[in-house]
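Q: Sequence order for the protein chains is A and B.
Read in order, the letters of the first sequence correspond to residues 0 to 205 in numbering that gives the first Met the number 0.
Read in order, the letters of the second sequence correspond to residues 0 to 205 in numbering that gives the first Met the number 0.
What the hints contain is simulated information worked out from the structure, not anything from laboratory work.
You may find that some hints are simply not true.
The list makes no distinction among identical chains, and a pair is therefore deemed to hold if it is satisfied within one copy or across any two copies.
As the list claims (entries may be wrong) - No farther apart than 20 angstroms at their CA atoms in a straight line, the calculated lysine to aspartate or glutamate pairs in the DMTMM-like style are these: (1) K49 with D133; (2) K49 with D174; (3) K140 with D167; (4) K143 with E60; (5) K52 with D147; (6) K140 with D70; (7) K143 with D70.
2 protein chains.
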Amino acid sequence: MLLCDIGNTSYHFYNTQTKKSYKKSVKTFDPSTINEKIYYICVHHPTCKKLQKLQNWINLEDFVQRHLYYDTMGIDRIIACEAIQNGVIVDAGSAITVDFVQNGIFQGGFIYPGKKAFEDALSRISPALTTSLDFSVNFQKLPKNTHDALSYGFLSGLKKEIESYNSDIILTGGDAKELQQVFETAMVDELLLFKGMIELLKKNSL
Amino acid sequence: MLLCDIGNTSYHFYNTQTKKSYKKSVKTFDPSTINEKIYYICVHHPTCKKLQKLQNWINLEDFVQRHLYYDTMGIDRIIACEAIQNGVIVDAGSAITVDFVQNGIFQGGFIYPGKKAFEDALSRISPALTTSLDFSVNFQKLPKNTHDALSYGFLSGLKKEIESYNSDIILTGGDAKELQQVFETAMVDELLLFKGMIELLKKNSL
Numbered sequence: 000m001l002l003c004d005i006g007n008t009s010y011h012f013y014n015t016q017t018k019k020s021y022k023k024s025v026k027t028f029d030p031s032t033i034n035e036k037i038y039y040i041c042v043h044h045p046t047c048k049k050l051q052k053l054q055n056w057i058n059l060e061d062f063v064q065r066h067l068y069y070d071t072m073g074i075d076r077i078i079a080c081e082a083i084q085n086g087v088i089v090d091a092g093s094a095i096t097v098d099f100v101q102n103g104i105f106q107g108g109f110i111y112p113g114k115k116a117f118e119d120a121l122s123r124i125s126p127a128l129t130t131s132l133d134f135s136v137n138f139q140k141l142p143k144n145t146h147d148a149l150s151y152g153f154l155s156g157l158k159k160e161i162e163s164y165n166s167d168i169i170l171t172g173g174d175a176k177e178l179q180q181v182f183e184t185a186m187v188d189e190l191l192l193f194k195g196m197i198e199l200l201k202k203n204s205l
Numbered sequence: 000m001l002l003c004d005i006g007n008t009s010y011h012f013y014n015t016q017t018k019k020s021y022k023k024s025v026k027t028f029d030p031s032t033i034n035e036k037i038y039y040i041c042v043h044h045p046t047c048k049k050l051q052k053l054q055n056w057i058n059l060e061d062f063v064q065r066h067l068y069y070d071t072m073g074i075d076r077i078i079a080c081e082a083i084q085n086g087v088i089v090d091a092g093s094a095i096t097v098d099f100v101q102n103g104i105f106q107g108g109f110i111y112p113g114k115k116a117f118e119d120a121l122s123r124i125s126p127a128l129t130t131s132l133d134f135s136v137n138f139q140k141l142p143k144n145t146h147d148a149l150s151y152g153f154l155s156g157l158k159k160e161i162e163s164y165n166s167d168i169i170l171t172g173g174d175a176k177e178l179q180q181v182f183e184t185a186m187v188d189e190l191l192l193f194k195g196m197i198e199l200l201k202k203n204s205l
């Protein structure tokens, strides 16, 4: 079976038989070149529109019990929650979304700027705050230099917040591996969204 | 005695006899119109240069024991620390600086984007994340809507971080009063920098 997660830059495919994943550019890939049935989620609106016209592309958003989440919640966050029964999902991309699931039920979550957005925000306040934020900053003592003071500010509260849920932590998204330096017991799962899609297919006997 | 704290937009004066404070614009105020002795700190470089030439303007930065802090630490943060013996100072302006003092000794601190910088960072990630961040967000339960998810992301980790020091919290800067909704037991002290300046004068028998 073929699954696809479409973001703002790429189609991310996953073949459940071969367990292989690969990417194609949103700009150049033509989805009508695929003839087999394919289940997808999509957050890139121009592509979503294109896919609606293709009968073999099946939008998994239609099978979600949306009342368990909230109206404006991104389908990618919802599908990630569908992947687990218990835990906190930290999806670290341009934004960092944090969602808490207990006994298969979404408990709520929050949104935080990603590394690059945070760096940009700091350098816009003052050139003196321009830095490359460092996931390996020491959380055991309060910083006494500007570079560490900025990295600590970015990460220490986030760490305390997420660890306060006393739950398994699952990291996904582009900065997942970097974030593992902050959350030492966390698991990195780059295929979390595909697991969520498979769970949703099972729930709906598809 | 006259004290003055010069930021990027204004001269903030404090008269220790009358206990009154008032502001003048950095752009239009001429410091040579003051003839009496005045102790100041300054972070606005063009103004700092101007003041060096005026004999009655005495830069308090020259009296600080800088080895107790760190090289690139702003003089405003240092002077705030001089004001207290124990506590955590949260100075909420364009950036939020957090500095921890124990037994009169600076223990370290960190830097976080201020409200406006945080809002700008979010809206640059996606127009869907454009919001006015809300200091009165509920920290007792995880959000289930985008507006609260953003305000919670801005403040909840910061709150946990600062409260983890188990120390008195002193709020100062433009957003101090707003922040009091987050730190309910905190004190707001808009004259904290002047208190620090007075302490430094005492230490140096000036």
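Q: Compare the structure with each hint and give your call.
A: Comparing the hints with the structure gives:
no., hint, result
1, K49 with D133, "neither (40 angstroms within a copy, 38 angstroms between copies)"
2, K49 with D174, "neither (29 angstroms within a copy, 46 angstroms between copies)"
3, K140 with D167, "between (25 angstroms within a copy, 19 angstroms between copies)"
4, K143 with E60, "between (48 angstroms within a copy, 18 angstroms between copies)"
5, K52 with D147, "neither (51 angstroms within a copy, 35 angstroms between copies)"
6, K140 with D70, "between (41 angstroms within a copy, 18 angstroms between copies)"
7, K143 with D70, "between (43 angstroms within a copy, 9 angstroms between copies)"
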